[in-house]
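**Q** So the protein lines, in turn, are chains A and B. Going by this note's numbering, the first sequence opens with residue 1, and the numbers climb by one from there. Going by this note's numbering, the second sequence opens with residue 1, and the numbers climb by one from there.
If you're looking for bench data, these hints aren't it; they were derived computationally from the structure. You may find that some hints are simply not true.
As the list claims (entries may be wrong) - One-sided and incomplete, this derived list gives chain B residues near chain A with beta-carbon spacing under 8 Å:
(1) R82
(2) R105
(3) K106
(4) I107
(5) Y109
(6) T142
(7) Q143
(8) R144
(9) F146
(10) F158
(11) A162
(12) D163
(13) G164
(14) T165
Claimed, not checked - Interface residues of chain B toward chain A, partial, derived using beta-carbon atoms under 8 Å:
(15) D29
(16) S30
(17) K36
(18) E81
(19) Q84
(20) Q104
(21) S145
(22) S147
(23) K169
Heads up, the beta-carbon is just placed ideally off N, CA and C, and yes, glycines get one too.
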Amino acid sequence: MGFQAKRCGVQFNPPSIVLVYIHTDTNKIRKRIIPIRNFFKHSDCSTAAERLKNHPRHRGYLDQVPLHQLEKLHIVLRDHMQGLSLENSLASFQLDPDEDLNKLEDEELARKKGQMDTLFERNRKRKDDPDFVYDLEVEFDKSKEEKCSWDEESDEDI
Amino acid sequence: MADHIGCIPELDQKKYDAREQVKIICLGDSAVGKSKLMERFLMDEFRPQQLSTYALTLYKHTANVGNKTVAVDFWDTAGQERFQSMHPSYYHKAHACIMVFDVQRKITYKNLANWYKELREYRPEIPCCVVANKIDADLKVTQRSFSFAKKQGLPFYFVSAADGTNVVKMFREMINRAVDYKQNPSDFMDEVLEELENFDLEKKEENSEAEEDELKAESPELA
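Could you build the full structure based on these sequences and the hints that come with them?
**A** Given below as structure tokens:
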């Protein structure tokens with residue numbers, strides 16, 4: 001019996017995580033709505049996400065859903081409980097390349113990391129991928145290298 | 001005598017004096033992918049040991065260098081970088097350093113200068129490298145030259161923790177350099193330089209003036 005997760009989202013009322021998956025035995029697409037209980041507007045999102053991921057009744061279904069995604073969905077849920085609009089909630093995950101992330105609190109940083117993780121997962125090569133190479137080496141042609149604009153201004157402080 | 005610096009009760013840093021043990025530290029801003037790189041290199045071996053009190057994560061690895069087995073401890077920050085500076089125990093007895101920045105965020109590149117400065121205050125001699133991570137996000141960056149590494153005479157690697165490009169190569173070379181450094185230590189130099197602290201010259205001058213004034217004021221009484 002296997003479950004191949006396709007999409008995972010959130011439903012505000014009642015607060016739930018929604019999972020669309022393929023049941024690999026039957027090859028049928030199914031939807032599972034998991035109610036989120038004991039989660040309130042001051043609850044800790046990473047703890048709640050971890051609890052859900054390890055929940056005996058749901059963990060089989062959520063096996064392929066990364067923890068950071070569950071955490072992100074909990075943050076969206078909690079933002080809603082705190083009265084934040086969905087638009088503003090989602091905007092808080094956006095990355096500003098000039099922002100100094102060293103200055104963020106844990107939770108704000110988790111939001112940004114969540115966004116980065118999406119890209120990471122998209123480009124990720126896993127051990128069980130057929131073209132996976134553990135010690136992949138790539139030489140980049142240095143002769144074509146151009147000067148990086150990051151080095152131009154205030155050159156003296158770097 | 002210097003050992004109180006490395007005082008983390010759970011961790012006896014004296015073990016790094018043993019011939020078959022090396023300590024490699026990672027430096028760089030928040031979210032540049034330091035832990036992701038560790039994870040990619042260690043794969044199934046990936047069992048981080050969290051020391052949350054010290055905002056520190058340790059990874060243990062066993063490497064074969066030449067015909068010897070070497071135990072490698074990788075030290076990674078767990079949010080400590082947000083204080084813009086690391087506790088001295090982080091640098092204590094380190095044999096090599098991996099400095100990481102995110103090719104998508106200029107500020108993480110600019111901050112390398114600060115990390116490097118701090119590293120050299122504690123460990124003037126240890127091998128160090130610069131790692132440009134997340135090249136999978138935009139391969140065009142690999143056609144640009146980032147001058148910081150060249151200016152400091154440090155090896156430079158374009159890597160991706162996501163697709164694995166050059167990650168293993170970089171770690172293996174750094175482990176070799178850490179072991180080399182350990183066999184030919186310049187620890188003595190390190191200690192001497194540690195003693196020569198960067199005095200604030202202006203303050204020193206002020207102080208010496210103040211002393212002179214005192215002497216003048218006292219001299220009539222002495223006479």
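**Q** Please verify that hint: K169(B), Cβ, nearest Cβ of chain A, below 8 Å or not.
**A** The hint holds - K169(B) has a Cβ within 8 Å of chain A, the shortest such distance being about 5 Å.
**Q** Once the shortest beta carbon distance from T142(B) to chain A is found, is it less than 8 Å?
**A** T142(B) check passes; min Cβ-Cβ to chain A is 4 Å, inside 8 Å.
**Q** Next item in the hint list is A162(B). Is there a CB on chain A closer than 8 Å to its CB?
**A** 4 Å, holds
**Q** Tell me if the interface restraint on E81(B) is satisfied: Cβ within less than 8 Å of some Cβ in chain A.
**A** Check passed: Cβ of E81(B) comes within 6 Å of chain A, closer than 8 Å.
**Q** Under the criterion of a CB-CB separation shorter than 8 Å, is K36(B) in contact with chain A as hinted?
**A** 7 Å, holds
**Q** With chain A as the partner, please determine if G164(B) meets the hint condition of a C-beta pair closer than 8 Å.
**A** 5 Å, holds
**Q** Let's test the interface hint: is any C-beta of chain A closer than 8 Å to that of R144(B)?
**A** Holds - the Cβ of R144(B) comes within 8 Å of chain A, reaching about 4 Å at its closest.
**Q** Can you verify the interface hint for I107(B): is its Cβ closer than 8 Å to any Cβ in chain A?
**A** Nearest chain A Cβ about 5 Å off; hint holds.
**Q** Hint check: is the beta carbon of S147(B) less than 8 Å from a beta carbon of chain A?
**A** 5 Å, holds
**Q** Double-check R105(B) for me: the hint is only fine if its C-beta lies closer than 8 Å to a C-beta in chain A.
**A** Where the cut-off is 8 Å and the nearest Cβ of chain A is about 5 Å from R105(B), the hint holds.
**Q** Close enough to count: is the Cβ of D163(B) nearer than 8 Å to one in chain A?
**A** 5 Å, holds
**Q** Identify whether the interface hint at T165(B) stands, where standing means a beta carbon of chain A within less than 8 Å of its own.
**A** 5 Å, holds
Checked against the numbered hints listed earlier, the structure breaks none of them; every hint is satisfied.
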